[in-house]
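J.: Given the sequences, and given the hints that come with them, work out the whole structure.
2 protein chains.
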Amino acid sequence: MSKFSEFKPLNEHTLIEYIKTIPTLSSKLNNSFSDISIKEIGDGNLNLVFIVSNSTGSFIIKQALPYVRLVGESWKMTKERAYFESLALKEKGKLCPEHVPEVYHFDRVMSLIGMRYLEPPHIILRKGLVAGVEYPLLAEHMSDFIAKTLFFSSLIFRSTTDHKRDVAEFCGNVELCRLTEQVIFSDPYKVSEHNRWTSPYLDRDAEAIREDNLLKLEIAELKSKFCERAQALLHADLHTSSVMVTRESTQVIDPEFAFYGPMGFDIGAFLGNLILAFFSQDGHANQANDRKTYKEWILKTIENTWTLFYYKFTKLWDEHRDGAGEAYLPEIYNNPEVQLLVQRKYMTELFHDSLGFAAAKMIRRIVGVAHVEDFESITDAAKRATCEKQALDFAKMLLKERRKFEAISEVVSAIRQI
Amino acid sequence: MSKFSEFKPLNEHTLIEYIKTIPTLSSKLNNSFSDISIKEIGDGNLNLVFIVSNSTGSFIIKQALPYVRLVGESWKMTKERAYFESLALKEKGKLCPEHVPEVYHFDRVMSLIGMRYLEPPHIILRKGLVAGVEYPLLAEHMSDFIAKTLFFSSLIFRSTTDHKRDVAEFCGNVELCRLTEQVIFSDPYKVSEHNRWTSPYLDRDAEAIREDNLLKLEIAELKSKFCERAQALLHADLHTSSVMVTRESTQVIDPEFAFYGPMGFDIGAFLGNLILAFFSQDGHANQANDRKTYKEWILKTIENTWTLFYYKFTKLWDEHRDGAGEAYLPEIYNNPEVQLLVQRKYMTELFHDSLGFAAAKMIRRIVGVAHVEDFESITDAAKRATCEKQALDFAKMLLKERRKFEAISEVVSAIRQI
Numbered sequence: 001m002s003k004f005s006e007f008k009p010l011n012e013h014t015l016i017e018y019i020k021t022i023p024t025l026s027s028k029l030n031n032s033f034s035d036i037s038i039k040e041i042g043d044g045n046l047n048l049v050f051i052v053s054n055s056t057g058s059f060i061i062k063q064a065l066p067y068v069r070l071v072g073e074s075w076k077m078t079k080e081r082a083y084f085e086s087l088a089l090k091e092k093g094k095l096c097p098e099h100v101p102e103v104y105h106f107d108r109v110m111s112l113i114g115m116r117y118l119e120p121p122h123i124i125l126r127k128g129l130v131a132g133v134e135y136p137l138l139a140e141h142m143s144d145f146i147a148k149t150l151f152f153s154s155l156i157f158r159s160t161t162d163h164k165r166d167v168a169e170f171c172g173n174v175e176l177c178r179l180t181e182q183v184i185f186s187d188p189y190k191v192s193e194h195n196r197w198t199s200p201y202l203d204r205d206a207e208a209i210r211e212d213n214l215l216k217l218e219i220a221e222l223k224s225k226f227c228e229r230a231q232a233l234l235h236a237d238l239h240t241s242s243v244m245v246t247r248e249s250t251q252v253i254d255p256e257f258a259f260y261g262p263m264g265f266d267i268g269a270f271l272g273n274l275i276l277a278f279f280s281q282d283g284h285a286n287q288a289n290d291r292k293t294y295k296e297w298i299l300k301t302i303e304n305t306w307t308l309f310y311y312k313f314t315k316l317w318d319e320h321r322d323g324a325g326e327a328y329l330p331e332i333y334n335n336p337e338v339q340l341l342v343q344r345k346y347m348t349e350l351f352h353d354s355l356g357f358a359a360a361k362m363i364r365r366i367v368g369v370a371h372v373e374d375f376e377s378i379t380d381a382a383k384r385a386t387c388e389k390q391a392l393d394f395a396k397m398l399l400k401e402r403r404k405f406e407a408i409s410e411v412v413s414a415i416r417q418i
Numbered sequence: 001m002s003k004f005s006e007f008k009p010l011n012e013h014t015l016i017e018y019i020k021t022i023p024t025l026s027s028k029l030n031n032s033f034s035d036i037s038i039k040e041i042g043d044g045n046l047n048l049v050f051i052v053s054n055s056t057g058s059f060i061i062k063q064a065l066p067y068v069r070l071v072g073e074s075w076k077m078t079k080e081r082a083y084f085e086s087l088a089l090k091e092k093g094k095l096c097p098e099h100v101p102e103v104y105h106f107d108r109v110m111s112l113i114g115m116r117y118l119e120p121p122h123i124i125l126r127k128g129l130v131a132g133v134e135y136p137l138l139a140e141h142m143s144d145f146i147a148k149t150l151f152f153s154s155l156i157f158r159s160t161t162d163h164k165r166d167v168a169e170f171c172g173n174v175e176l177c178r179l180t181e182q183v184i185f186s187d188p189y190k191v192s193e194h195n196r197w198t199s200p201y202l203d204r205d206a207e208a209i210r211e212d213n214l215l216k217l218e219i220a221e222l223k224s225k226f227c228e229r230a231q232a233l234l235h236a237d238l239h240t241s242s243v244m245v246t247r248e249s250t251q252v253i254d255p256e257f258a259f260y261g262p263m264g265f266d267i268g269a270f271l272g273n274l275i276l277a278f279f280s281q282d283g284h285a286n287q288a289n290d291r292k293t294y295k296e297w298i299l300k301t302i303e304n305t306w307t308l309f310y311y312k313f314t315k316l317w318d319e320h321r322d323g324a325g326e327a328y329l330p331e332i333y334n335n336p337e338v339q340l341l342v343q344r345k346y347m348t349e350l351f352h353d354s355l356g357f358a359a360a361k362m363i364r365r366i367v368g369v370a371h372v373e374d375f376e377s378i379t380d381a382a383k384r385a386t387c388e389k390q391a392l393d394f395a396k397m398l399l400k401e402r403r404k405f406e407a408i409s410e411v412v413s414a415i416r417q418i
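Protein chains in written order, with full-length UniProt numbering: chain A, 1 to 418; chain B, 1 to 418.
Hints are not guaranteed to be accurate.
[Stated by the list, open to error] Think about it this way: if two alpha-carbon atoms lie no more than 25 angstroms apart in a straight line, the pair counts; the simulated DMTMM-like pairs of lysine to aspartate or glutamate are:
#: 1; chain 1: A; residue 1: K225; chain 2: B; residue 2: D107
#: 2; chain 1: A; residue 1: K76; chain 2: B; residue 2: D162
#: 3; chain 1: A; residue 1: K225; chain 2: B; residue 2: D318
#: 4; chain 1: B; residue 1: K292; chain 2: B; residue 2: D318
#: 5; chain 1: A; residue 1: K315; chain 2: A; residue 2: E207
#: 6; chain 1: A; residue 1: K190; chain 2: B; residue 2: D318
#: 7; chain 1: B; residue 1: K312; chain 2: A; residue 2: E349
#: 8; chain 1: B; residue 1: K345; chain 2: A; residue 2: D107
#: 9; chain 1: B; residue 1: K400; chain 2: B; residue 2: D166
#: 10; chain 1: B; residue 1: K76; chain 2: A; residue 2: D212
#: 11; chain 1: A; residue 1: K345; chain 2: B; residue 2: E221
#: 12; chain 1: A; residue 1: K396; chain 2: B; residue 2: E349
#: 13; chain 1: B; residue 1: K404; chain 2: A; residue 2: E349
#: 14; chain 1: A; residue 1: K190; chain 2: B; residue 2: E337
#: 15; chain 1: B; residue 1: K345; chain 2: A; residue 2: D212
#: 16; chain 1: B; residue 1: K225; chain 2: A; residue 2: D212
#: 17; chain 1: B; residue 1: K315; chain 2: B; residue 2: E410
#: 18; chain 1: B; residue 1: K20; chain 2: B; residue 2: D107
#: 19; chain 1: B; residue 1: K396; chain 2: A; residue 2: E337
#: 20; chain 1: A; residue 1: K225; chain 2: B; residue 2: E221
#: 21; chain 1: B; residue 1: K396; chain 2: A; residue 2: E349
#: 22; chain 1: A; residue 1: K345; chain 2: B; residue 2: E211
#: 23; chain 1: A; residue 1: K396; chain 2: B; residue 2: E331
#: 24; chain 1: B; residue 1: K315; chain 2: A; residue 2: E6
#: 25; chain 1: A; residue 1: K76; chain 2: B; residue 2: E248
#: 26; chain 1: B; residue 1: K300; chain 2: B; residue 2: E221
#: 27; chain 1: A; residue 1: K225; chain 2: B; residue 2: E181
No lab work stands behind these hints: they were computed from the structure.
T.: Okay, structure coming up:
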């Protein structure tokens, strides 16, 4: 029996032994182990992440642990999520190879993925947003990734047979779905030991959320869509720490929450985290940089992401109108007027879904268990609370009033008015 | 190797041999085969159905064939549907044993179910409706069946873990879902060799449906819900030929289309077929019976079915408010005002879904492939067409205007006004 025939967490030493047993990985290093360098960089909550490199090549080893590392071994979390992450990386990589790192190797027993190392100057987008760095291609790239991965996994493009087969497969990722249900759609709206916020400044705000019946009505509708509506294969954790960037490159990582859900959940995750980044900027402003220009860039990126997504998604739809997609058969939707009608209706609903999920994602990052570096890195608690309160007030309004917005420019105007 | 270790369609002779190999079936006959009687009664499109009886007992044997019998062997249809039918019968039988026949035996290889024989005077409800027979307990019983089977398989009652496991299982019934997508949500709205209608009277009406952009917009929304929204375990073919009745008993049969879909599809199937029965009555009126009283009874049954369903479903919800259901956690929905708000919103959406699906079910029975005996038994084509046109006009209005109705009494008033 091989040494790695049952699960064990690897360390720098055992990982070398493991790599030696896997030709696709050791060949990346030209089978040379004398100058190998291994560095554990997992700062996340769920996984071990190693950079492996030598003079000839490099890759990342990501290993899922059977618990949430942030909370400790008491919060169990199936390591099977690595299987769904590798599936999603491969599927999304096929659809959008420019923005998804290549998978070299997957080992289900070891819950381990070997994949492309995104070399420096790639950094986590959120860190770039905190530092105030502009990424001129970000909206272009992210709209590309979102449009392609959502369109091609939806029933606009696919047959029912393919759809139901894949929906069934990803139903297996239920534990990760449950975690999302809890931390996004439940905990922020009730008393929970996991919740935290900038106290005492936001004590009353956190309480107000738990007493807001209209907010609870809206979050119930979004939760129901999240749990019941298999619209497309989602990344399902598409915040700004799931994206690595340089000025020229945008790479989406970490789709371990992937499942078939409502498209607006992915779009909303990205937009909501950009809005959080916007509201955090005043906390990072100083005499050298008032961040005003940067705030304008963030707003422009929010607007462009949706506008370009809309353009690209509907363009894909037009291009594949006569394909095998089950949703809108060409023999029925056979004139320009009805095509325009169904497309407008679809995109309007998707817009409102996206705004709702964006708001839900913002709220949970301020009064829920997991916070964001955008705010956490503001050391002055009073200043941080001021930024967070603006974001929270905007998110509450957006969740309740999202159906009144007809264009992304109106959302941007509303952000400015806070 | 046993004689029945691979699939073969049974006949009266081979069925006896088969029964002898199955103790749970032969014991129903007290192991006596000398006085056995076997009668094939399958008048449906998809299956062989045998009544097996002797002096001591009886049962039904239902065997799925790998094609749609109505069309012939050219229209393939997986016999695996028998597996999903037996699963659904068992699951729904647990939830509502009063209205679901007991399953005695299931054989996946032979695609064969052994189940309770619903002895005379049980007849197919549709035949009773054509004959003008009142069933005083029908609304009470059907509201019971629908409320229990939908509520207990929804996320209002269940955990996400149970829900996703069962959703995945029933994704396997994809071929039957595809058949529904085609015959209900697609074919009636396009030119299809399968479509038929009372020609020439309804030629222009059938054409008008294929040219009605607003109708196509609405049917797209319903189709998307049917394909994507896993709200509860549906019967998914709950028309009036899937119900057997006496004055005292109501039994729901034939859930071979079962899958996780939108609740309104089941409610709408039943209501829509009652409305078809209503509009067919003028075609059955004669000097001895003008059917006026009977039409009032149908309208009352439509109204009572929804009203009782609403009452029973929300009562179950109130009773299980503190249970394991994922959708509305008691720690969040913790005051009477918010409980009322979410319940009203949920039931209003369900009402409009039900009306939409009812309309879709009506339209397809008039201009699609499969018609109903309610109309087919009206031999005078002109008279039949008059009845069908009233039903069709009502259904088109209902599909487009369903969101304007606030109560079932308003729907009944609208039916009267045609």
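J.: Please go over all the hints and tell whether each is borne out by the structure.
T.: Outcome of the hint check:
1. For the hint pairing K225 of chain A with D107 of chain B, the CA-to-CA distance comes to about 37 angstroms; that exceeds 25 angstroms, so the pair is violated.
2. Annotation: proposed proximity of K76 of chain A to D162 of chain B holds, straight-line Cα distance about 18 angstroms (limit 25 angstroms).
3. A C-alpha spacing of about 22 angstroms is found between K225 of chain A and D318 of chain B, which places the hinted pair at or below 25 angstroms, so the restraint holds.
4. The straight-line distance between the Cα atoms of K292 of chain B and D318 of chain B is roughly 39 angstroms, outside the 25 angstroms bound, and the hint therefore fails.
5. Restraint check for K315 of chain A and E207 of chain A: not satisfied, since their Cα atoms lie roughly 45 angstroms apart, outside the 25 angstroms limit.
6. Of the pairs offered as hints, the one joining K190 of chain A and D318 of chain B holds, with about 20 angstroms between alpha carbons and a cut-off of 25 angstroms not exceeded.
7. Pair hint K312 of chain B plus E349 of chain A does not hold up; C-alpha atoms about 32 angstroms apart against a cutoff of 25 angstroms.
8. Between K345 of chain B and D107 of chain A, the direct Cα distance comes to roughly 46 angstroms. Violation of the 25 angstroms bound is thereby established for this hinted pair.
9. Distance check on the hinted pair: K400 of chain B and D166 of chain B sit about 33 angstroms apart at the alpha-carbon level, beyond 25 angstroms; violated.
10. For a cut-off of 25 angstroms, the pair hint linking K76 of chain B to D212 of chain A is broken: about 54 angstroms separates their Cα positions.
11. Between the alpha carbons of K345 of chain A and E221 of chain B the distance comes to roughly 9 angstroms, so the proposed pair stays at or under 25 angstroms and holds.
12. For the hint linking K396 of chain A to E349 of chain B, the alpha-carbon distance of about 23 angstroms falls within 25 angstroms, and the restraint holds.
13. Restraint check for K404 of chain B and E349 of chain A: the C-alpha separation of about 19 angstroms stays at or below 25 angstroms, so the hint holds.
14. Taken as a hint, the K190 of chain A and E337 of chain B pair is honoured in the structure, with Cα atoms around 16 angstroms apart against an allowance of 25 angstroms.
15. With a CA separation close to 16 angstroms, the supplied pair K345 of chain B and D212 of chain A stays within the 25 angstroms bound.
16. A threshold of 25 angstroms between alpha carbons decides the hint, and for K225 of chain B with D212 of chain A the separation of about 29 angstroms lies outside it, so the pair is violated.
17. For the suggested pair K315 of chain B and E410 of chain B, the alpha carbons sit about 23 angstroms apart, so the restraint of at most 25 angstroms is met.
18. The straight-line distance between the Cα atoms of K20 of chain B and D107 of chain B is roughly 14 angstroms, inside the 25 angstroms bound, and the hint therefore holds.
19. Between K396 of chain B and E337 of chain A the alpha-carbon distance is near 19 angstroms, which keeps this suggested pair within the 25 angstroms criterion.
20. The hinted pair formed by K225 of chain A and E221 of chain B meets the criterion: a straight-line CA distance of about 15 angstroms does not exceed 25 angstroms.
21. For the given pair, K396 of chain B sits about 23 angstroms from E349 of chain A by alpha-carbon distance, which is consistent with the 25 angstroms threshold.
22. Pair hint K345 of chain A plus E211 of chain B holds up; C-alpha atoms about 19 angstroms apart against a cutoff of 25 angstroms.
23. Distance hint between K396 of chain A and E331 of chain B is fulfilled; the C-alpha atoms sit about 20 angstroms from each other, no more than 25 angstroms.
24. Among the hinted pairs, K315 of chain B with E6 of chain A is inconsistent with the structure: their alpha-carbon atoms are about 50 angstroms apart, more than 25 angstroms.
25. For the hint linking K76 of chain A to E248 of chain B, the alpha-carbon distance of about 52 angstroms lies beyond 25 angstroms, and the restraint is violated.
26. This hinted pair does not check out: K300 of chain B and E221 of chain B have alpha carbons roughly 29 angstroms apart, beyond 25 angstroms.
27. Note on K225 of chain A and E181 of chain B: the hinted pairing holds, with a Cα-Cα distance of about 21 angstroms set against a maximum of 25 angstroms.
When the structure is compared with the earlier hints, violations turn up for hints 1, 4, 5, 7, 8, 9, 10, 16, 24, 25 and 26 and for no others.
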